[in-house]
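Peer 1: Model the full structure from these sequences, guided by the hints.
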Amino acid sequence: MHALVATAGALVIVFAAAPAFAQSTLDTVRARGYLQCGVNTGLAGFSQPDSKGVWRGIDVDLCRAVSAAVFGNAGKVRYTPLTAQQRFTALQSGEIDILARNTTWTITRDTGLGLNFVGVNYYDGQGFIVPKKLNVKSAKELNGATICVQPGTTNELNVADYFRANGMKFKPVVIEKLEEVLNAYFAGRCDVYTTDMSGLVSIRASRAPNPADHVILPELISKEPLGPAVRHGDDRWFDIVKWSLHAMVEAEELGLTSGSIDRQLKSASPSIQRFIGAVGDIGKGLGLDNRWAYAIVRQVGNYGESFERNLTPLGFERGLNRLWRHGGLMYAPPIR
Amino acid sequence: MKLRSSDPRLRALVYQVSAAAATLLLGWFLISNTIENLAERNIASGFAFLDREAGFAIGETTFVPYSASGTYLEALTVGIANTLRVALIGIVAATVLGSLIGLARLSRNWLLAKLASGYVEFIRNVPLLVQLFFFYALIAEHTPVPREAIEFLPGWYLSNRGMFFPVPVFHAAHAWALAALAAGIATAVAFARWAARRRALTGGSLPVAEIALALVLGPPALTFIAMGTPLEFDVPRLSGFNFSGGVALTPEFTALTGGLILYTAAFIAEIVRAGILSIPRGQIEAACALGLRQRRILRFVILPQALRVIVPPLTNQYLNLTKNSSLAVAIGYPDLVSVANTTINQTGQAVEGVAIIMAVYLTITLTISVVMNWYNARMALRGQ
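For the record, the sequence lines run as chains A and B.
Counting from 168, one number per residue, gives the positions in the first sequence under my numbering.
Counting from 157, one number per residue, gives the positions in the second sequence under my numbering.
Source of the hints: derived by calculation from the structure; they are not laboratory data.
It should be emphasised that the depicted structure is a prediction, and the values quoted were computed from it without experimental measurement.
Keep in mind that a hint or two might mislead.
Capping the alpha-carbon separation at 30 Å, the derived lysine-lysine pairs in BS3-like fashion look like this [unchecked claim]:
id, chain 1, residue 1, chain 2, residue 2
1, A, LYS433, A, LYS300
2, A, LYS390, A, LYS433
3, A, LYS338, A, LYS390
4, B, LYS479, A, LYS338
5, A, LYS307, A, LYS219
6, B, LYS270, A, LYS344
Peer 2: Take a look at the structure:
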């Protein structure tokens, strides 16, 4: 399974002719007619197919935003569901154009894996969930616990760091598939399940047989800035994905929403005029249509809309992911 | 000597040299292309990562000590040891179970024979991965939490953390007893050889099995008693979330090893049955007519010939079991593939990681092949 994908990815690198990747990703995507986007195999709020099989989530919205910017149509995306272990190989080998799979930005990944993180679409931190009946109030009481974790994640390293730093011991149970690792936790094989806070909230709301039976411990043991990544070495594509993300944040700051943007086409604000491409040439440097940012907001919405559509119903707080004006960390460089 | 183009030896030589050259060229192309591609994509390469701190914990270890501050090399060693543990236990147990089921299928007892064939047909026609998920879920979901563990023997606890049982605390007397056991085995082997020679010369037979057993068990028992039978047990105790002390068989290990044994035994049963059926009935009847007893017929007529049929396909099953142990990753047993996968992900060095996995499995399976081929050659010569 995962080993197969890793092997396949390795084989691509073994056999591929070197110059094949010299072609620009933008040209490849345009010629192909759709964007290939790597997403989570199913994490409610981030990327999960709904009852009709349509992918939904804030990571999915990022893919749709890039599609809107490139094609003027948010629907030209195909999704590749990836496990934590498969994700980097899939990007390295060219199987996907963007990795938007709640992936933590770290220096090792940014510099050693042949990829570049374009920014952060969710500021997260790692936490623990335990069954309420264990009566645990703090992560400091977890000495000797058995902890379920997915392999190939920063979570696997952070939990080891945290227990070492606090002089505690634990037994990891490392299972790759999200379904299987959650089964092990809900069946009581592990005392604790650990992943990013967002994952814990999502899992408790969407997977727990009875959400009230599980508590999320207060400790955040790490910084987990989650963001999309692209292959190293294609600056044009890097810029496109980066500014698609910034455009969504900027639109929220400008008060532009998918419902209201058409009414604001004649707005007197120069920032809005530049944003929708009525003046200036924000598309030229990216090799895109001048109305790319307009297309994103019109079809996908701004960052706040995406958050409220996907995460708020599951019980997520905006927290760190509020706009900088409201005390959060979401800040887009000026679009001008 | 004059070589002509029509000379078959020359043609053979040319073909072989060009085939070897083509293989080498392909290998060189693959390696250089890989290095070039990795550099092109800015992906780190090389094996320097093996010395770096791994930083992740591993659930269970076999003999090799490990903590999260160990290196990637140490982590991979733990993975290899865990794989070997499953493979060794699996091979021995699957051989025993498979032989018994194979014999049961040939039994004149109708019920036993039908049960055995039902087992074989059911087990070998259900995918192994499905069986592993089944056993794992069975163990994880149908055993109690540690606080309500079942104590089915004094000090033996079964819970969803695994089975915990007491182990003797090591004492110098144990080492001496083991040494005495080794000496006993050596003496017994020498005695058996001497008895066989004596029988060949004089025809007189001795109760070899009984005397050998006494020679094997006597010395260690006497040593142990002489040193005052120091025996203390490390008994598992519930502390906090889990048991500490004693030895644990985790649900992951039990599900994986048990699943592999049951699955492989079904194939081995068929191989054993085929081997025994390959002996013409006439030979067994002839042996009967000579007045040999059942056990002797099995030992001197059936087994030497049947083993020649059994050993080559049995080798395949051993290799399969070893390679199938990599399914461990699906149910969370930290075998080589599981640890290597984590390593690949944390370092991003997939090519090196996959190369290590392939090299280790190749080494293990080639070793099994060499041993089994040696055994097969010995069996084959003896029968001639």
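Peer 1: Which of the numbered hints above does this structure break?
Peer 2: Going through the list in order, the structure violates hints 1, 2, 5, 6 and respects the others.
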